[in-house]
Every structure is written in C-alpha cells, then in structure tokens.
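Peer 1: The listed protein sequences correspond, in order, to chains B and D.
Position one of the first sequence corresponds to residue 1 (the numbering used here), numbered consecutively onward.
Position one of the second sequence corresponds to residue 1 (the numbering used here), numbered consecutively onward.
Just so you know, these hints were derived from the structure itself, not from any lab.
Among the clues, some could well be false.
Here are a few chain B residues that sit away from chain D, every Cβ distance over 12 Å (derived from the structure) [unchecked claim]:
{"hint": "1", "residue": "Ala40"}
{"hint": "2", "residue": "Asp43"}
{"hint": "3", "residue": "Ser66"}
{"hint": "4", "residue": "Asp136"}
{"hint": "5", "residue": "Ala177"}
{"hint": "6", "residue": "Thr237"}
{"hint": "7", "residue": "Ala279"}
{"hint": "8", "residue": "Thr352"}
{"hint": "9", "residue": "Arg378"}
Below, a list of computed lysine-lysine pairs in the DSS-like style, where the Cα atoms sit at most 27 Å apart [claimed, not checked]:
{"hint": "10", "chain 1": "D", "residue 1": "Lys165", "chain 2": "B", "residue 2": "Lys165"}
{"hint": "11", "chain 1": "D", "residue 1": "Lys327", "chain 2": "D", "residue 2": "Lys257"}
{"hint": "12", "chain 1": "B", "residue 1": "Lys284", "chain 2": "D", "residue 2": "Lys165"}
{"hint": "13", "chain 1": "D", "residue 1": "Lys284", "chain 2": "B", "residue 2": "Lys327"}
{"hint": "14", "chain 1": "B", "residue 1": "Lys327", "chain 2": "B", "residue 2": "Lys257"}
Note that the structure is a prediction, hence the values are computed from the model and not measured.
Each residue gets a CB set at the ideal place from its N, CA and C atoms; glycine is no exception.
There are 2 protein chains.
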Amino acid sequence: MRIMVLGGDGYLGWPTAMAFRRAGHQVRAIDNYLRRTLAAATDSDALMPNPRLPERVEIFRRVCDSPIEFAEGDCSDFGFISEQVQDFAPDAIVHYAEQPSAPYSMIGYDEARTTLSNNLLATFNAVWAVLQHAPDCHIIKLGTMGEYGTPNIDIEEGWIDIEHKGRRDRFLFPRQAGSLYHTTKVLDTDLLWFYVRVYGLRVTDLMQGPVYGISTDEADLDRRLMPNFHYDDIFGTVVNRFLVQAVASVPLTVYGKGGQIRGYLNLRDTLQCIELAAANPARKGELRVLNQFTETFSVNELAERVRRVAVGMGLPAEVRHIDNPRKEMEEHYYNPAHHGLLELGLRPHFMTDDVVAAMIEAILPYRDRIAVDRILPRVRWRQ
Amino acid sequence: MRIMVLGGDGYLGWPTAMAFRRAGHQVRAIDNYLRRTLAAATDSDALMPNPRLPERVEIFRRVCDSPIEFAEGDCSDFGFISEQVQDFAPDAIVHYAEQPSAPYSMIGYDEARTTLSNNLLATFNAVWAVLQHAPDCHIIKLGTMGEYGTPNIDIEEGWIDIEHKGRRDRFLFPRQAGSLYHTTKVLDTDLLWFYVRVYGLRVTDLMQGPVYGISTDEADLDRRLMPNFHYDDIFGTVVNRFLVQAVASVPLTVYGKGGQIRGYLNLRDTLQCIELAAANPARKGELRVLNQFTETFSVNELAERVRRVAVGMGLPAEVRHIDNPRKEMEEHYYNPAHHGLLELGLRPHFMTDDVVAAMIEAILPYRDRIAVDRILPRVRWRQ
Chain B
1 MRIMVLGGDG YLGWPTAMAF RRAGHQVRAI DNYLRRTLAA ATDSDALMPN PRLPERVEIF
61 RRVCDSPIEF AEGDCSDFGF ISEQVQDFAP DAIVHYAEQP SAPYSMIGYD EARTTLSNNL
121 LATFNAVWAV LQHAPDCHII KLGTMGEYGT PNIDIEEGWI DIEHKGRRDR FLFPRQAGSL
181 YHTTKVLDTD LLWFYVRVYG LRVTDLMQGP VYGISTDEAD LDRRLMPNFH YDDIFGTVVN
241 RFLVQAVASV PLTVYGKGGQ IRGYLNLRDT LQCIELAAAN PARKGELRVL NQFTETFSVN
301 ELAERVRRVA VGMGLPAEVR HIDNPRKEME EHYYNPAHHG LLELGLRPHF MTDDVVAAMI
361 EAILPYRDRI AVDRILPRVR WRQ
Chain D
1 MRIMVLGGDG YLGWPTAMAF RRAGHQVRAI DNYLRRTLAA ATDSDALMPN PRLPERVEIF
61 RRVCDSPIEF AEGDCSDFGF ISEQVQDFAP DAIVHYAEQP SAPYSMIGYD EARTTLSNNL
121 LATFNAVWAV LQHAPDCHII KLGTMGEYGT PNIDIEEGWI DIEHKGRRDR FLFPRQAGSL
181 YHTTKVLDTD LLWFYVRVYG LRVTDLMQGP VYGISTDEAD LDRRLMPNFH YDDIFGTVVN
241 RFLVQAVASV PLTVYGKGGQ IRGYLNLRDT LQCIELAAAN PARKGELRVL NQFTETFSVN
301 ELAERVRRVA VGMGLPAEVR HIDNPRKEME EHYYNPAHHG LLELGLRPHF MTDDVVAAMI
361 EAILPYRDRI AVDRILPRVR WRQ
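Kindly produce the complete structure, drawing on both the sequences and the hints.
Peer 2: What follows is the structure, encoded as structure tokens:
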C-alpha cells in the first residue's frame, strides 16, 4: 500500500512511518514541526534528542536499507497538502497532524486559537485533498477517548442506539471533552461524519487512550530513531511523567484524588492498531469508530504501579497528591467498550511490571537531562 | 440593557437592532457585510435595495429619534471584536455573525473553507472577548433546527436523558446536519458547551427554523428599513422562493418529493424570541437551548399554501417537482419539541392566508427586479 503519515515527526507518527515501511509499504511522512516549535516555546522539550526528519529518514535508510519519503509542510495549507495527495496518490492517510496537548490548548487565547485552527484545518484540508485527488483513499484519523469524557453510562464504540418515547435511531455516541484540545477532536468527528455521509468518504476514527512506551521494533535499532519522549506537564502524558519523576527521585504527583480512570495502551499496540485499520479499510460512506486502548487504570493505580517497580529497582519513589489544575471528575463511572480492534486481531502488550521496569531503564541514561520543575502543573483550567 | 448585535446588517440582525433600540435599550450593531459580498459574488443580490448600515442607522434615527451605534468590522478578527466588547460592555450579545447559506457552503473548497473559518472564529472570538472583558455577559447564539437533522425519534430542546444498560445520564441531543453550513453550527454548539462547562459562561442557543416575512413594527416605518430579502437558491429560503415564484408567475419548484418537514416562524416571532431570551438570561454555567419555531410544514404544504393564496389574488401559480439538489430525506418522521419559548411568553404569529397574502403584496412592487433563473438550483450536494 501507499501510506501517507500526516504528523510524521510525532511521538506516534514517526514509529508509524517506520513500521509501515519495514512491513514493505511505500511511506511518505509529512510534518511542519509544529509540536517541536510549541514545545520549545513552552520550555517543554523532549527528554532525548531527536534528529529532525531528514536525518531520521537517512538513519533509517542506512539501518534498514529502506527509504521513507519526507515532505516538510503545513497541513493547514491546502495548496501544500492537496499537491502532496495528488503527487503521492495514497491508499491510506494516517492523520496525526494535530496540536496534541490539552494543557497547551488551555493556556490562553493564542494557544487555543492555534489549536482550533490547526486541528480543524488539517482535518478539513485532508478531507478535501482526498475528495479532489484520491476519493478511494482510506482516512485513518486519530481521535481520542477523551472525546467521550466520563459519562455515567457505558461508552460504546463510537455509536449508540437510542430508544426514546417508543422510537429508535442510531447516533454518534455523545461527546463532551475536558479540554479545548479534546474538543477540537470532537469537532473533527462532526466534520468527518458530515463529509462521509454526503460524499461517501471512507474513514476510520481511532478513539485512542493515552499511550506509553518508547520501544518499537524499529526504534530499538538505533537510539536516534527513538520517538520523541515528552515528560513535562504540557506535552507529557501521565505515565511518562510518573516514570521520569521516579527516575529523578522526586514525588510522583497525582492530580487531586487520583480516581480519574482512563484507557491506556502501549506504543507497540498503537502501531498494531494502525496497521490493522489500514489492512481492513472502512467501506465507502462508512465512518468506522474503534476505541483504541487495551486496559483501564485510575491515576492512583498507575502511580502505585510505577512507585512499586521503581522502589524494587532501588529508586526512592513516593506518591504525592497535589491540587488538580484541570477541571475534571476525580471519581466517576468508567466502562468503555473496546472489542473492534481485538476482533481485527490486536494482541495487546499489557503494562506489566517488566514493561514499567524496561521504560525506567530506558530513561535512566537521560537522568541528568530531566528538569523536574517542568513536570509540575504550569497550566490551570480555571482562569 | 446594553445589547450588541453581531451580524447587525443581516435579515435578522437589522430588525433585531431596531426592535431592541425602540424598546429603549442601548444597541451597537456590528457587521463586515460578508453576506452582501458573497451574495454579490454569486449573483444572489436581495430583491429590494437595502442601504448599508450607516445610512439605515441615520434613517432610523430620523424616523424614531433614536440612535443605534454601528461599527464595521470582522468578528473573525479577535482584535476588533475584543475591543468592541471592552468598549461597549454589553449585557447581552446576540450572535448572528455567520455565513448563513447552506448551498453556498456546498459550492466547493473555497466556499466551504470561508464558511468553516468565519463561523467558527466568530463564535470562538465572541467567547474569548466575553471571557476577557465581560464575563457576566449573556451570549444569545443563533443555532438552527437543522443541527438536529431528521432523526427517527422526537427532537427535544437541546438535551436528552439517555438510559443505557441500566444507567442514566443527560447529554446534548444528537446533532447531524445536512450541509456544511449547518455542520458549522453543530461545531459552534460543541465549542460553546465546552466553554460554558469550563469557564461558567452564560449562553442561550436558539435552535431556529427557517424564518419568513419582511414586516416588523420598525421595518414598516420606512421601506429603506426593510430587512434584506433574498429569494435565490443560495441565500433565499424556501418560503421566500415560493412567494417570489408566485409573483413572477413561474412554477413553485419543490425539491424532490416535497415531504421534507421543518419548523418555521415569522420574522416578528424571531424578534419576540430574542427579546424573551435577553429578558430572561441563562444562568452562569448554563447552556440553555430553546427550539425556536412556531409550526411545522412539509415543503408540499408550503407550496400548496402559497399557490392557493396566489391564485386567489389572480396570480397563475402552479407547483412543479424538480430533482432535489440536496442530499436529504424526502419523507421522514419529525416531531420536535418547542415549549421553552412559549413558556417564556412567546405569542406566535402563524402563517395564515392573510400573512401569505401580505407578503405577496409586499413583493409585487418589485416584480420587475426578479431574476427567475436564479431561483432554480445552481448548487448540488453531490460532486
């Protein structure tokens, strides 16, 4: 297949590009380094140095004897993305090209506006580039489990049958997200569903939970191929923050009561899910929604797991609860379905103690680069 | 009260500004004439000449001895709208500042992009201008009944209680719209609901059906105060199109089977609804949703009503079914609730034969200005 990866420099985008290429597909990675730019501007650089894409592509070519194409450009520029789609003629587009940080989107007007414009226009332009130049192309869009929020009913996979006053119909499962970033993903879903209905696009929306891990078959071949690993409060996610706090021997900081439950998955499983979605495309006129995670944990459970493993490795880890900078429920019902990807063949890598220990081992060589102050909340949801 | 009307040059915006001013409120109307610009660009000018706002404001001042403030500018420019809100300090903002045409939004990439950017940014900027400069201000947002689409269950007023597998929660009523324009209104709702939840804004979302009529107490004082009356396929709505076709003695063109049912209201009732919403503001942290229409009709019923009244007036009216340029259900269930505004005190003006006859009378003097070819569909939903 011909696979175009939008956001090919990202934590997920780069491993995705490598995995598809190594599996024998033609791959073109697209990025404008927006995440790097915003991370640098907010003093949130990744822990390990990551070469830019031309250098990573060259290293990958030497290690694997396999070329990945790369084009630098902005997906919110329609001329650029339209030309790329026309030129490359993808069978599938994996769309990660979004500002991915919830706290960044909550800093103020400018950051919210950047998030809204970038994310909506990247999706809108991808839709139109496909309509104009590759109408059979399968769009694989990364959504987020955060779109659903934490409703008091079971979360289904994208859709729900509602019976109301004796009549029935099927609808998108209700979405109400906890940050502007997550809300832009809700808007993406509305847009995609509209264009699927009217123009018969084929779209898979992968509602992904927080991802952890830095190891993939390809990334492990050369440390310069490692995905970017953010551990700060803005671009880092909760598991990464805890791991780095444990390595730095500072308390693991839990926001509020710590009863917030989410669905998590290993980076290796993200790659499996994307490959399964690509190998089993949505039909024309279908918006297929799959919930992409393998197990659920509360924040307290994650903190305790990292603490226990770290202590077993001789690190003096402890857990501390701090004021929650976010506006979210700290104790809630959470029972999301996740059958679809398992039925397609996903074989999960669970978060065992060995997996946690391996992540800590991978971070230890970079201990001196950790800036512990940037792990604590610098952005608050309430003005 | 101090009332700011965004989109104050529009079919609804200008009558709203006049009605609030005549009722004794301070009013500032804001517009950048986007609708006029787009209508001119698509050969869709209004039937009657409408002076621009400075002239209309001056005529209104002379007729009513009452000043309406006016500022020309673009609500998608945050610097502009932010300064306006800071300077005027509104108690309520009535937000009509959106590209309002479904067919326009379906022409192609550029028109879709203009609709998406303008509508989302006007809403986003209004939210932020209020957050920064007038956090108690009540935002009265014009939504549309079209956001709900035509579900197979009763349409409630904005919200629905869902019981699912033995548990219950309350959600926004599912929305799935039939054009990109209507979809941008769905995105607006998602955005507003997010900012209401997180920052405690007070917002009323008025889910309005198609409006008909050109008569209001103030507009009737001088024909140059008349709202802009579009009758073409792009900026006109179905009742206006039928009235003009009857006056021009050409067939009333029904799209497809004509079983499409919608909720309609008289322009005079729109004014009542807006005034009732302003007089009874939403609470802080409340997104109040009200379905704004007074009666439902199928397209066939509307065509037959206009035909019958026109024939009674000696006009040789007939009805003709043509290929539907839109993608929509032509026969469907439709049972939307509309209690809220009646409970607030709305006294409906129904579409009686007299009302239809009065509209035909008002159009007759402009018969020679009608361009009948622009009433037929020039935009198709399928590419």
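Peer 1: With reference to the structure, classify each hint as holding or not holding.
Peer 2: Hints, one by one, checked against the model:
no. : hint                : in the structure
1   : Ala40               : holds (24 Å)
2   : Asp43               : holds (25 Å)
3   : Ser66               : holds (35 Å)
4   : Asp136              : holds (14 Å)
5   : Ala177              : violated (7 Å)
6   : Thr237              : holds (20 Å)
7   : Ala279              : holds (28 Å)
8   : Thr352              : holds (31 Å)
9   : Arg378              : holds (18 Å)
10  : D:Lys165 x B:Lys165 : holds (16 Å)
11  : D:Lys327 x D:Lys257 : holds (12 Å)
12  : B:Lys284 x D:Lys165 : violated (31 Å)
13  : D:Lys284 x B:Lys327 : holds (16 Å)
14  : B:Lys327 x B:Lys257 : holds (12 Å)
Of the numbered hints stated above, those contradicted by the structure are hints 5 and 12, listed in ascending order.
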